[in-house]
Amino acid sequence: MATALTRKDFVTDQEVRWCPGCGDYAILAQVQKQMPEFGIQPENTVFISGIGCSSRFPYYMNTYGFHTIHGRAPAIATGLKVTRPDLDVWVVTGDGDGLSIGGNHLIHCLRRNVDLKILLFNNKIYGLTKGQYSPTSEIGKVTKSTPMGSVDFPFNPITVALGAHATFVARSVDVEQKHLGYTLKRAHDHRGASFVEILQNCNIFNDGAFNDVSDKAIKSEHQLILEHGKPLIFGKNRDKGIRMNGMRPEVVTIGTDGKDLDSIVVHDESNLALAFMLGNFEPPMPVPLGVFYSTARPAYDAAMNEQLAGSIAKNGKGDPQKLLNGGDTWTVN
Amino acid sequence: MAVPPEGAGQAAESQPSGSAHPHKTLTARDSVVIRFAGDSGDGMQLVGMQFTSESALAGNDIATVPDFPAEIRAPAGTLAGVSSFQLNFSSSEIFTAGDEPNVLVAMNPAALKANIEDLPPNAVLIIDKEAFTEANLKRAGYTANPLNDHSLDKYQIFEVDVTRLTSLALQGSGLSNRDAFRCRNMFVLGMLSWLYQRPIETTVKYITSRFKKNQQILDANVKALKAGWNYGETTEMFASSYTVPKADIARGYYRNITGNSATAMGFVVAANKAGRPLFLGSYPITPASDILHELAGYKNYNVYTFQAEDEIAGVCSAIGAAFGGAIAITSTSGPGMNLKAEAVGLAVKTELPIIITDVQRAGPSTGMPTKPEQTDLLQSMYGRHGESPVPIIAASTPGDCFDCAYEAVRIAVKYMTPVILLTDGQLANGAEPWLVPDVSKLAEIKVEFATNPEGFQPYSRDDDTLSRPWAIPGTPGLQHRVGGITGEHLTGNISYSPSNHELMIRMRARKISGIAREIPPIEIFGDADGGDIVMLGWGSTFGPIREAVKQTRAKGKRVSHIHLRYLNPLPSDLADKLRLFKKVLVAEMNMGQLIKMVRADYLIPAIGINKIQGRPFKVAELVTRISRALEE
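The listed protein sequences derive, respectively, from chains A and B. Position one of the first sequence corresponds to residue 1 (my numbering), numbered consecutively onward. Position one of the second sequence corresponds to residue 1 (my numbering), numbered consecutively onward.
For reference, chain A alone in the conformation it holds in the complex (with noise of 0.2 Å):
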């Protein structure tokens, strides 16, 4: 590398197009911030997408891009990262474009652990075709398309990527800017398919969807930040924590009534099942942000490369001419 790598290499010439307040804004600056601590050249870079609001995302990215058609972007990345493992790839999708149309190229892709930096911006609204609920989106949500409000069960995005065993499952927030660019770090540095859900306001649609997490006053008494090997704590004087009540998690006030920090429980990356029970958190359950779950298995782009390499290894540089000639054979003289 001649000269070190700045935002600036990452920045297009083209008009930043979301609506003013947008989170995708945050979202934006945040990754091309974090772009250059990755050391990769923009050439080597590639953003794909789908549709809806989050899927301009590559437009504004000075590195190959390609925005693509409704919930294919995993399945197109696919293809690239096979075919070409030296590049860097990443997918941004949206909850609609993600979970709804493209649901089943996702699960499939997070399972096969295609080596993928995936950003699920969720903000739990079609935004695009201008305010119906979403899979992300609560029951009773009242929108243009569910007046009396939605009878439809959301989808939770970690319990799904953990469901589909993802490798490594995150969660962030738009405005939480030193948290997404950790977040964001981490899954680069993972090998395999990351998935991150990025908690994105939409403050046309569905404004202070996650107040909760986001408001500064607020925050501290919902966000739990999980940090590997440190206890479950949150709250504004760090005093609250979750505690096993058996099989179930339970919030504590600590140094009370004989609620001692060594009985919280102490996150660990590793276990899927404690995994699987912090992203079913809901209220009054805290929010938590950060590393769910990360695991290493071999990635199936490596997999497949090994495959071919193996084979040429063990029957040589395939001859075209010999695969022709090879078969039932005869000659007509």
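Hints were generated in silico from the structure; no laboratory data involved. Watch out, some of these pointers could steer you wrong.
[Claimed, not checked] Quick list of in silico lysine-lysine cross-link-like pairs, DSBU-like style, CA-CA up to 30 Å:
hint: 1; chain 1: B; residue 1: Lys113; chain 2: B; residue 2: Lys154
hint: 2; chain 1: A; residue 1: Lys314; chain 2: B; residue 2: Lys212
hint: 3; chain 1: A; residue 1: Lys322; chain 2: B; residue 2: Lys441
hint: 4; chain 1: B; residue 1: Lys441; chain 2: A; residue 2: Lys317
hint: 5; chain 1: A; residue 1: Lys322; chain 2: B; residue 2: Lys212
hint: 6; chain 1: B; residue 1: Lys557; chain 2: B; residue 2: Lys611
hint: 7; chain 1: B; residue 1: Lys441; chain 2: B; residue 2: Lys414
hint: 8; chain 1: A; residue 1: Lys130; chain 2: B; residue 2: Lys349
hint: 9; chain 1: B; residue 1: Lys246; chain 2: B; residue 2: Lys226
hint: 10; chain 1: A; residue 1: Lys317; chain 2: B; residue 2: Lys212
hint: 11; chain 1: A; residue 1: Lys322; chain 2: B; residue 2: Lys414
hint: 12; chain 1: A; residue 1: Lys322; chain 2: B; residue 2: Lys246
hint: 13; chain 1: B; residue 1: Lys24; chain 2: B; residue 2: Lys205
hint: 14; chain 1: B; residue 1: Lys618; chain 2: B; residue 2: Lys154
hint: 15; chain 1: B; residue 1: Lys226; chain 2: B; residue 2: Lys129
hint: 16; chain 1: B; residue 1: Lys555; chain 2: B; residue 2: Lys611
hint: 17; chain 1: B; residue 1: Lys577; chain 2: B; residue 2: Lys555
hint: 18; chain 1: B; residue 1: Lys205; chain 2: A; residue 2: Lys314
hint: 19; chain 1: B; residue 1: Lys223; chain 2: B; residue 2: Lys24
hint: 20; chain 1: A; residue 1: Lys219; chain 2: A; residue 2: Lys130
hint: 21; chain 1: A; residue 1: Lys240; chain 2: A; residue 2: Lys219
hint: 22; chain 1: A; residue 1: Lys322; chain 2: B; residue 2: Lys446
hint: 23; chain 1: A; residue 1: Lys317; chain 2: B; residue 2: Lys414
hint: 24; chain 1: A; residue 1: Lys8; chain 2: A; residue 2: Lys178
hint: 25; chain 1: A; residue 1: Lys317; chain 2: B; residue 2: Lys213
hint: 26; chain 1: A; residue 1: Lys314; chain 2: B; residue 2: Lys441
hint: 27; chain 1: A; residue 1: Lys317; chain 2: B; residue 2: Lys205
hint: 28; chain 1: B; residue 1: Lys596; chain 2: B; residue 2: Lys577
hint: 29; chain 1: B; residue 1: Lys205; chain 2: A; residue 2: Lys322
hint: 30; chain 1: B; residue 1: Lys557; chain 2: B; residue 2: Lys582
hint: 31; chain 1: B; residue 1: Lys349; chain 2: B; residue 2: Lys596
hint: 32; chain 1: B; residue 1: Lys129; chain 2: B; residue 2: Lys154
hint: 33; chain 1: A; residue 1: Lys317; chain 2: B; residue 2: Lys446
hint: 34; chain 1: B; residue 1: Lys213; chain 2: A; residue 2: Lys322
hint: 35; chain 1: B; residue 1: Lys213; chain 2: A; residue 2: Lys314
With chain A's structure known, arrange chain B on it following the hints.
Chain B in isolation, oriented as in the chain A frame:
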């Protein structure tokens, strides 16, 4: 075949000769059509394929058609479980597997019932007598045993105790009854090989390699094969054996090849020629899956096969691989084509080269998955939203699938466009002798990626082809974004300009129609200066149309044949050639799809000959239609 067959094949001259066995005669035949039929577990496909190999070695021209049930394991002995394989072998050039068999081998009552209607009077019928048990007759729906009620009197029937003779031959081999029973097909193959004086060495070689890990099974199969041969030679069952002399075919190195196999190899060789890896993204579907299976075995040729989660992921992964610079393909059949349509539109818009192979089958919906049809032409032409032209190429014979797959890759990368390759179930599973091409003499496939950042624009155009540069990730200074949204001419940046939108639509349309410049001039089989009738066809109807035209011409009629490989764009000389003829007849296995294009583009009042039964045209059917058109 024009002449109704007599006995065990078309007679040339009958003469006693120096057969291996002194008291038997050897009779020469011009050509023979044999159909092997049995339960799907009886190994009839294997018998058919091995008999084909033996016949190829004997120097005959051959054409085959397998016919198997969609159910993997239909209940044994039922009509639904009947599997058959038809083979035409001849001393002269042939184009089809034959309208009807001269010889039917039926391994059980169901096989007899399912095939007997296709058998002309006086044909040879060989049956495994022991399989005609009460239970088997009932399963096949017979109320009386056809072997006893004179209903088969019009055939030359040979009742052979195949099951008992096989088990006798294998006595002392230590094989279970069940395993011995499974060798029945080799006994039949041996017997038929004697009857038509086929060399069995190639089959012995096949058995040896197939069962090399199980000496006992290997020995038993060879023993059953030889027992069948010896049975034919020594018993009084058959008074004569037959020969079909060598055909006069072009010299060279041949192999037997199926359409799916040829398609797979065409892609491998094309990618190799282009110096790029081959990527197949595909979801299993009948009758296209063999392309996936075959390519999965070619990893040392730098071939990636990705079994996708669905049809859409199959084509999308190919688009991703093409974006990265691979020769990228997807394979499917009709239902999958529907699902891929949106993604093909993305490839049209982004101008990325992929090949979509559609092995057509009978539809709509699930239809008859193992049966061929030509019903996806209009879907390929028009089955996408927006103005979305895609080049279409169709293969006409199993071996032609190789050339068409190769050509599809050449066009895709030269013009930076998706290309649709149409084959069908008939071509996919049918086999023919194939003159193996010299790879070094195949057309060049040139892939040149953009590398120069100076003045680079992702949607600039080649003056000649109008294709855009292929600029792949990893190239410094060429970072750019592509996508489905209408892009500005040259830059590709998002644009909602009305005039730019029309410019881009017309640009891509011109690019595709421009391919016509390199389509070779149409070859008319028959009267190059015109005549009474021209038969126009595409795809797998080649064989029956060519044979029907040949036979009609032999009667002095002025009938010709034009067969299309390029369906979009159509050859630029097509209209003029068609106008040389008084009548244009378009034979298709659909309700009339090419005919709509010909009528719409050229205002030529073509007449359709259509069959939608999931089976190919019979030559006789076409001969009748041509004769009628000549009289009208």
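Hint by hint, here is what the structure shows:
1. B:Lys113 x B:Lys154: This hinted pair holds, its Cα atoms lying about 15 Å apart.
2. A:Lys314 x B:Lys212: holds (21 Å)
3. A:Lys322 x B:Lys441: Answer holds: Lys322 (chain A) to Lys441 (chain B) is near 15 Å, not above 30 Å.
4. B:Lys441 x A:Lys317: holds (21 Å)
5. A:Lys322 x B:Lys212: holds (23 Å)
6. B:Lys557 x B:Lys611: holds (24 Å)
7. B:Lys441 x B:Lys414: Satisfied, since the Cα-Cα distance of roughly 19 Å is no more than 30 Å.
8. A:Lys130 x B:Lys349: holds (26 Å)
9. B:Lys246 x B:Lys226: This hinted pair holds, its Cα atoms lying about 24 Å apart.
10. A:Lys317 x B:Lys212: holds (26 Å)
11. A:Lys322 x B:Lys414: holds (27 Å)
12. A:Lys322 x B:Lys246: Holds, at about 27 Å.
13. B:Lys24 x B:Lys205: At roughly 28 Å apart (the allowed maximum being 30 Å), Lys205 (chain B) and Lys24 (chain B) satisfy the hint.
14. B:Lys618 x B:Lys154: Roughly 23 Å separates the two Cα atoms, so the pair holds.
15. B:Lys226 x B:Lys129: holds (20 Å)
16. B:Lys555 x B:Lys611: holds (25 Å)
17. B:Lys577 x B:Lys555: Satisfied, since the Cα-Cα distance of roughly 23 Å is no more than 30 Å.
18. B:Lys205 x A:Lys314: holds (25 Å)
19. B:Lys223 x B:Lys24: holds (23 Å)
20. A:Lys219 x A:Lys130: holds (28 Å)
21. A:Lys240 x A:Lys219: Holds: Lys240 (chain A) and Lys219 (chain A) sit about 14 Å apart, inside 30 Å.
22. A:Lys322 x B:Lys446: holds (22 Å)
23. A:Lys317 x B:Lys414: The hint holds at about 26 Å.
24. A:Lys8 x A:Lys178: holds (19 Å)
25. A:Lys317 x B:Lys213: Holds. Lys317 (chain A) to Lys213 (chain B) sits at ~27 Å (cutoff 30 Å).
26. A:Lys314 x B:Lys441: Status holds; Cα separation ~29 Å.
27. A:Lys317 x B:Lys205: holds (27 Å)
28. B:Lys596 x B:Lys577: holds (17 Å)
29. B:Lys205 x A:Lys322: Satisfied, since the Cα-Cα distance of roughly 20 Å is no more than 30 Å.
30. B:Lys557 x B:Lys582: holds (13 Å)
31. B:Lys349 x B:Lys596: holds (26 Å)
32. B:Lys129 x B:Lys154: Judged against 30 Å, a Cα distance of about 18 Å means the pair holds.
33. A:Lys317 x B:Lys446: Holds - the C-alpha atoms of Lys446 (chain B) and Lys317 (chain A) are around 21 Å apart, at most 30 Å.
34. B:Lys213 x A:Lys322: Within the cut-off at roughly 26 Å; holds.
35. B:Lys213 x A:Lys314: Within the cut-off at roughly 21 Å; holds.
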